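> Each chain, letter by letter, is given below.
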Amino acid sequence: MNRLKTSYEQDLRLARRRWDVPCYGLLLVALLLVPQFASTFYVGEISFVFIYSIAGVGLMLLTGYTGLVSLGHAAFLGIGAYANAILLANGVPFALSLPLSGLIAAFAGVVIGIPTLRMSGLYLAIATLAFGSIVILVGEKWHSLTGGFDGFPVPHPSVLGYVLEGPSAVYYMALGVLVAVLLVAMNILRAPLGRAMVAIRDSEISAQSMGINLAFYKTVVFAISAGITGLAGALFGHYVRHLAPDSFGILLSIQLVTIVFIGGLGSLHGAVFGAAFVAMLPQAIALVRDDLPFGMGRLPGLEPSLFGLILVLVIMFEPSGIHGRWLKTKRWFKSFPLHKRAAFRRQKTYAKSDRLR
Amino acid sequence: MSGYFSSRDLAMRFGGIRAVEGVSFDVQRGEVFSIIGPNGAGKTTIFNMISRIYTPSGGTLHFDGHDITRIAPHRIAGLGIARTFQNIELFANASLLQNLLIGRHCHSSVSVLSQLGFLPNVRRAEVEHRKRAEEVIEFLGLQRNRDQLIANLPYGVRKVVELGRALCTQPKLLLLDEPSSGLNVEETDEMAFWIEDIKKDLGITIIMVEHDMKLVSAVSDRVMALNQGRILAMGTSAQVQSDPEVIRAYIGGEPEVVS
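Chains as they are written, first to last, in this note's numbering: chain A, 17 to 373; chain B, 4 to 262.
Keep in mind that the hints are not guaranteed to be accurate.
What the hints assert, rightly or not - Capping the alpha-carbon separation at 25 Å, the derived lysine to any residue pairs in SDA-like fashion look like this:
#, chain 1, residue 1, chain 2, residue 2
1, A, 21, B, 203
2, B, 175, B, 67
3, A, 21, B, 128
4, A, 350, A, 327
5, B, 202, B, 65
6, A, 21, B, 142
7, B, 134, A, 23
8, A, 346, B, 98
9, B, 203, B, 217
10, A, 21, B, 146
11, A, 344, B, 151
As the list claims (entries may be wrong) - To be clear about the criterion: a stretch of chain B counts as covered by chain A if any three or more of its residues have a C-beta under 8 Å from a C-beta of chain A, and this derived list gives those stretches:
#, region
12, 31-45
13, 74-80
14, 84-93
Note that these hints are calculated values from the structure, not bench results. Every value quoted in this text rests on a predicted model; they were computed, and no experiment measured them. Yeah, the Cβ is synthetic: ideal placement off N, Cα and C, and Gly gets one too.
Let the hints inform the model, and build the full structure from the sequences given.
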């Protein structure tokens, strides 16, 4: 329950509810202790969830909060991964190469952001799809830089003389970056920038009339989103240890989109929930693969089709995603015998046809 | 140029359609100026030119000593011109408070980088914006809906929120596009009181497009009637309403005298 508020500062805090600090604090401590107990396999799996969560937060800011759909985000992941690996291979210390890989991806975000400023919806999706394909192609052909199809081995990072190697090292790096990225994302969302993003998503025309420079903010959001995804890419590189251009193709882009849709558009929780779901799904499939009837488990393309099927089902039956389902469940328990279905039903919007575009 | 706001020979053509043609008018500081006319007369088109959603095909617009005919649309709010929309263009998936705070955007000058870290200057500015937004909430009596999503609010309240969002920009000139459309009689009366208050207490100049002649007569200092993109009549509400040209535009002929 809410306590009475006595100052506006209270609404600006990151932890606005009474149980926020103890709950998230406990979660963080538990996550810090995981590598002490869990097997290498699970440490690796959870690191993968962290990495997907970072990329998910990046795409969530763009798609969930600003309403710009990108089908080429895997390219930023790839740019971040290659930037970090190439910098490390050339002797740049990890403490520099990691932020630089984010900056380089952010710069790529500006490059794709500026020409697509006037696009939205399907057109933007197609343009970003094309951008993604171009980046893959450049990665394949620019042999001297990326090693092309031979791949690019990612050197072990080292900080202050300690070589960070093994699953636990990747785990802690990913956790650290995820926490930092979540803090930055929460800062954005409580600042004028976050409100401008929501305004652009809900009505460009009145955002403009409120003094929001659409071109500037769309470019900034593209850059931030690409930069965060680039950081995820750098860690992804350390996770897989060997980069190949074709691993950053359309399939990965669609996985990233699936993260934000399944998680729930417009929620940072959703980005993390969605990432956990998408990162764990292949393992879940592997577990039941042998028990499926008619040798279905051996069929090629089972995984992508399942992703597609789940995406369609979520959009049809739970458009607010896992996060929305979570809110509804919480509400059901809070108002236990008095639950009513209409609590989450929205009114129809008025006179959409006359809206200026 | 005379007048606080002035339009000279304003014209807007969409292909062969002359939506607005040769429209000149001046609005004095502190005035409520209403634009009336049948559907398609070009009223909203004039608003869209003032808020720079459209670029005029001809003519000039001046406000408070600035030529605003060709400046970027997002700079209009900073100059002190705010508007509401005929069909409500609120940010539907944000709370009422967030909508009002977006209205504060043109007064926010903190850099993007300091926002990423939510530095103390951002925090101070946010508290200041919140104070302003709360003043508007109090002015319009929106306290009980403060944290609700716009999508969950009834139409009448949304109309008021749009007015509030415009007030949050601290405008000098307020453009109201059909403030009473979709409102019931009581809500329309309430709107009339607010328009009076905005004019008297806040000293804001208002240009209003409106169909409800009762509201127009109640609040306007001067009225301009348009038909097919041209000015038919200008003057006090009573003068314009008795103008034979205006009556013909609305009713379609001389009023017949029944003996």
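> Would you mind marking each hint as holding or not holding in the structure?
Here is what the structure says about each hint:
1. Our distance criterion of 25 Å between C-alpha atoms is broken by residue 21(A) and residue 203(B), whose separation comes to about 33 Å.
2. Between residue 175(B) and residue 67(B) the alpha-carbon distance is near 9 Å, which keeps this suggested pair within the 25 Å criterion.
3. Proximity of residue 21(A) to residue 128(B) is assessed by CA-CA distance (about 19 Å); at most 25 Å being required, the pair is judged to hold.
4. At roughly 29 Å between alpha-carbon atoms, residue 350(A) and residue 327(A) are farther apart than 25 Å, so this suggested pair is violated.
5. Distance restraint check for residue 202(B) and residue 65(B): the Cα-Cα separation of roughly 21 Å lies within the 25 Å cut-off, and the hinted pair is therefore satisfied.
6. For the suggested pair residue 21(A) and residue 142(B), the alpha carbons sit about 20 Å apart, so the restraint of at most 25 Å is met.
7. A hinted pair counts as satisfied when its Cα atoms are at most 25 Å apart, and residue 134(B) with residue 23(A) qualifies at roughly 10 Å.
8. For the suggested pair residue 346(A) and residue 98(B), the alpha carbons sit about 20 Å apart, so the restraint of at most 25 Å is met.
9. For the hint linking residue 203(B) to residue 217(B), the alpha-carbon distance of about 20 Å falls within 25 Å, and the restraint holds.
10. A distance of roughly 14 Å separates the Cα atoms of residue 21(A) and residue 146(B); the hinted pair therefore holds under the 25 Å criterion.
11. Of the pairs offered as hints, the one joining residue 344(A) and residue 151(B) holds, with about 17 Å between alpha carbons and a cut-off of 25 Å not exceeded.
12. Check result for the region 31-45 of chain B against chain A: violated, 0 residues qualifying (beta carbon to beta carbon below 8 Å, three or more required).
13. Counting residues of the region 74-80 of chain B whose CB falls under 8 Å from any CB of chain A gives 6; the rule of at least 3 is met.
14. With 8 residues having a beta carbon nearer than 8 Å to a beta carbon of chain A, the region 84-93 of chain B meets the requirement of three or more and the stated coverage holds.
Consistency note: the structure conflicts with the earlier hints numbered 1, 4, 12.
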